[in-house]
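Novice: This is what each chain is made of:
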Amino acid sequence: MARGEVQLRGITKSFGAVDVIKGVDLNIAPGELVVFVGPSGCGKSTLLRLISGLEMPTGGSLHIGGRDVTLTHPAKRGIAMVFQSYALYPHMSVAENMGFGLKIAGVPKAEIQAKVAAAAEILQLTHLLDRKPRALSGGQRQRVAIGRCIVRQPEVFLFDEPLSNLDAALRGQMRVEIARLHAKLDATMVYVTHDQVEAMTLASKIVVLNAGKIEQIGAPIELYRNPANLFVAGFIGSPSMNFMKGKVVATDEAHVAVRLAAGTLRLPRRNAATAPGSSVTVGIRPEHFSIGEPDSDDIAFFEGEVELVERLGGETLAHLRVPALAEEGLTIVKLTGDAPLRIGSRLRIGVRLSHAHLFDADGRAVGTPSAKIAVAA
Amino acid sequence: MSATDFSATPATPATPRRDVAWMGRFNASLRYGVLLLVGLIMLYPLLWMVAASFKPNHEIFGSIGLWPQEPTLDGVISGWRTGTEYSFATYLFNTFAFIIPKVVLTVISSVLVAYGFARFNMPGKRIWFAAMIGTILLPKSVLLIPQYLMFRELGWLDTYLPLYVPCAFATEGFFVFMIVQFLRGFPPDMEEAAVIDGCNSLQVLWHVVVPVIMPAVISVALFQFMWSMNDFLYPLIYLSSVEKYPVALALKMAIDVTEATAWNQVLAMSTIALVPSLVVFFLAQRYFVDGITSGSVKG
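Protein sequences, first through last, are from chains P and V. For the first sequence, the numbering used here gives the first residue as 1, with consecutive numbering after it. For the second sequence, the numbering used here gives the first residue as 1, with consecutive numbering after it.
Hint data in this document are derived by calculation from the structure and do not stem from the laboratory. Ideal placement from N, C-alpha and C gives every residue a C-beta, glycine not left out. Check the hints yourself; a few may be wrong.
[What the hints assert, rightly or not] Cβ-Cβ distance ranges computed for the label pairs, FRET-style:
#, chain 1, residue 1, chain 2, residue 2, range
1, P, Asp68, V, Leu154, 26 to 32 angstroms
2, V, Ile108, P, Ala17, 51 to 57 angstroms
3, V, Tyr32, P, Gln124, 47 to 53 angstroms
4, P, Ala17, V, Phe120, 47 to 53 angstroms
5, V, Pro123, P, Glu121, 55 to 61 angstroms
6, P, Ala17, V, Lys125, 16 to 22 angstroms
7, P, His127, V, Leu112, 52 to 58 angstroms
[What the hints assert, rightly or not] Derived lysine to aspartate or glutamate pairs resembling EDC-like cross-links, with alpha carbons at most 20 angstroms apart:
#, chain 1, residue 1, chain 2, residue 2
8, V, Lys252, V, Glu70
9, P, Lys132, V, Asp189
10, P, Lys76, V, Asp189
11, P, Lys245, P, Glu328
12, P, Lys245, P, Glu303
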């Protein structure tokens, strides 16, 4: 196994009677930037701490770079970690903070200095090396925390929600820096976040976790296009996918016809293991609705009443009541630009049916779309 | 309304503003006046003690005034000589001979035990912690006789050992409790970062925890120093030779041995005995005020 490769085999973790991680198998290839996402309490941070060795697994095994490190001390795993709170040592200067690990390891002073200087160069921290953490801004502190990792030249970098304490502008900037750093160091990185934008933009592979289990692993765009289940479909994408409950009325080789609140949709679906009469959920992303589409066979049209409009400048979110789709609840539609909508007005929206998702009663995706989905919505 | 209108307006509220300023000044002077008065009342006995050191003996009970009518250094000089064969310097030295090890051992043991309680899981942790809190509530006098018997068996009577050796075992539950509470206020992230940096538990304690909880550590040292300086009972019980007496016993002796107590000497020596505590307190003061943790965690 190559340097920087991480393998989790049947990892479980319980705190007392509570099972937090319920059997996780995962391979992380060298140089990958893997992002763990999931709602609060899904176990993503715990999983990262298990890799770091700050927590010991209840069961299963963990390999880093081909070595079994399941019970190895964190310092000997070849990992380094950036904490959400930065966790800098307040009484040490930036240089001392970055060189602390090497000092504990008994590395000669001159060598520590050289390594700290090199890392500071990468992160543009050279002019701050003599400062104490309290004299730094949030972004600078985070860079020091990253520098502390770089100095140790780990096989795997671990990031535990590193940007969540920064303001929005700085977060965007640091995100780009982390992406650049990943490209530069070509190191394996595991990154925990609850922020979808971070996950989608940074990850070479996203691991979606829910209640201690992996829901789906895949490239960001793969997860967006082909969510394996209702959870992933609802979690990836903002605003969330619209879900409509329905019943299968007919199937053929290339289509599944689903009856919704009022009206039937004929979804292009191959290999759909479903039978007439079974309960299903249809999912349509807000951005896949549009107004002013030309009439066409594979586009379905609905009428809805506008109940709420959220204008974000570049796009507009309309909350519609669409009786054909759902008896209760609103359907969210994302329109580009500053669409001229009024509350109470009626709107005709269209959706290309190949964009619709279909899930069975257990929440699993049913079949594959017959037609290739165009990249542009 | 045009922009120029704004410049014309401020003349109107001139009178009320002066009233407000006057009220503010009146309030402040009232507040500080009361504070000053109460502060003086509280400090007066201390000031009187210092002043009385420079009064002749007969004047001490003659007036409640501060300023000596016939200032003299007699009290200080003969007080320093003491009525025994040893000078007051011996007693001061004796005091430090057990207080310094006592403070050092207290700090080390309390920090170690508190770190254990705050950060590690062990079987029966809650019971042990409750037991420790129980010892804080236990009246000290209950332990006097069993402790005396124990130290007699060990042959430690008339030595300083009974005064400081127990402190090596974190017997001062209050200090342990204080540091535990202080540690609970810190997220363990820093310590985890140190673990990943390769520290074992003791290295984490020494390199990261102790510097961070320094204000608490200094408070512990300071309290222990002052309380030990003032401690009368334990030295009285365990020390029998005059040559080993600390300041507290020496002062008492000065009252005992002469029939007509030279109060000016006693008060002069009390004043001198106060100096170490005061010096230590002012040296350590800024550490209570200014914690050094700012900037370590989220900003």
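Novice: So which of the earlier hints does this model not fit?
Specialist: 1, 2, 4, 5, 7, 8
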